[in-house]
Amino acid sequence: MLVNKAKGFTLIELVIGMVVFSIALVLFTSLIVPQAIRSVDPIFQVRATELGQSLINEIVSKSFDEASDRVGGSVLCSNTVAPLCTTSNNLGAEEGAVNRENFDDVDDYNNLSESDENIKNTLNESVTLGGVNLYQGFSAAVVVIYDDNMDGIDDAISGGGGYIGRTKLVTVTITTPNDEEIIFSTFRSNY
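According to our numbering, the stretch in the sequence shown is residues 1393 to 1583, in order.
I should point out that these hints are in silico values taken from the structure, not numbers from a laboratory.
Hints may contain errors.
[Unchecked claim] The list that follows gives simulated cross-link-like pairs (lysine to any residue, SDA-like), each with its CA atoms no further than 20 angstroms apart:
| # | residue 1 | residue 2 |
| --- | --- | --- |
| 1 | Lys1512 | Leu1423 |
| 2 | Lys1454 | Arg1439 |
| 3 | Lys1454 | Gly1522 |
| 4 | Lys1512 | Phe1495 |
| 5 | Lys1512 | Phe1420 |
| 6 | Lys1454 | Ser1505 |
| 7 | Lys1454 | Leu1504 |
| 8 | Lys1512 | Val1535 |
| 9 | Lys1512 | Ala1485 |
| 10 | Lys1399 | Val1418 |
| 11 | Lys1454 | Leu1526 |
| 12 | Lys1454 | Pro1475 |
| 13 | Lys1512 | Asn1482 |
| 14 | Lys1512 | Tyr1583 |
| 15 | Lys1454 | Thr1563 |
| 16 | Lys1454 | Asn1502 |
| 17 | Lys1512 | Leu1526 |
| 18 | Lys1454 | Thr1559 |
| 19 | Lys1454 | Asp1508 |
| 20 | Lys1454 | Ser1581 |
| 21 | Lys1454 | Ile1408 |
| 22 | Lys1454 | Tyr1583 |
| 23 | Lys1454 | Gly1484 |
Given the structure is predicted, the values throughout are model-derived calculations rather than measurements.
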């Protein structure tokens, strides 16, 4: 008499198989998912670099100071004789220059802060691709200080609030949507 044995998996074999599959799934997702999230970092970094460099280019293309002329630099402001340059405690946009369209000298950009859809190009236009703002989630902040000895420290700290120098340090900080700060800086001298 032949007895037919049932073919298949036992309950214990099924449970062991599910445990092994669960462990493999956890390992897979813990290794792959963070890499997928980080894969967008280079895109953010490239966009931040484009934004930072374009702001730096825009800023240094302006006149050194409000007191300097805008036609070839034949009249330069000074820290000793008239016309005097803007003092360190007055760096920033002059009256009437509340938006970038009206900025005409380097220190007008001091304390400029823009983010998301407020980040525009020099023509005050949003930068979009396929109707999507390229800088959504980004922020940009600009600081301008006098730094004649080019050490990265505000000379007005040692020179007092009314300090006037011949070199301005422009620092642009771009913050990406994943909170990475990328800092760009350049010097603009009075020439």
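**Request:** Quickly compare the C-alpha distance for Lys1454 and Arg1439 to 20 angstroms and report which way the hint goes.
**Result:** Cα-Cα ~23 angstroms, so violated.
**Request:** For the pair we were handed, Lys1454 and Thr1559, check the Cα-Cα distance against 20 angstroms.
**Result:** Within the cut-off at roughly 14 angstroms; holds.
**Item:** 20 angstroms limit on alpha-carbon distance, applied to hinted pair Lys1512 and Phe1495
**Value:** holds, 14 angstroms
**Prompt:** Can the restraint linking Lys1512 and Tyr1583 be considered satisfied, given a maximum Cα separation of 20 angstroms?
**Reply:** Distance of about 29 angstroms is beyond 20 angstroms: violated.
**Message:** Can you confirm whether the C-alpha distance between Lys1454 and Pro1475 stays at or below 20 angstroms?
**Reply:** holds, 18 angstroms
**Message:** What's the verdict on Lys1454 and Gly1522, does the C-alpha distance respect the 20 angstroms limit or exceed it?
**Reply:** Answer violated: Lys1454 to Gly1522 is near 32 angstroms, above 20 angstroms.
**Restraint status (C-alpha distance of Lys1512 to Leu1423 at most 20 angstroms)** = violated, 38 angstroms
**Prompt:** Are the Cα atoms of Lys1454 and Asn1502 separated by 20 angstroms or less?
**Reply:** holds, 13 angstroms
**Message:** For Lys1454 and Ser1581, compute the direct alpha-carbon distance and say whether it is at most 20 angstroms.
**Reply:** At roughly 11 angstroms apart (the allowed maximum being 20 angstroms), Ser1581 and Lys1454 satisfy the hint.
**Prompt:** Quick one, are Lys1454 and Asp1508 close enough, alpha carbons at most 20 angstroms?
**Reply:** Roughly 25 angstroms between the alpha carbons, so the hint for Lys1454 and Asp1508 is violated.
**Prompt:** For the pair supplied as a hint, Lys1512 and Asn1482, is the alpha-carbon distance within the 20 angstroms limit?
**Reply:** Roughly 25 angstroms separates the two Cα atoms, so the pair is violated.
**Asked** Would the pair Lys1512 and Phe1420 pass a check requiring their Cα atoms to be no farther apart than 20 angstroms?
**Response** This hinted pair is violated, its Cα atoms lying about 41 angstroms apart.
Checked against the numbered hints listed earlier, the structure breaks hints 1, 2, 3, 5, 10, 11, 13, 14, 19 and 21; every other hint is satisfied.
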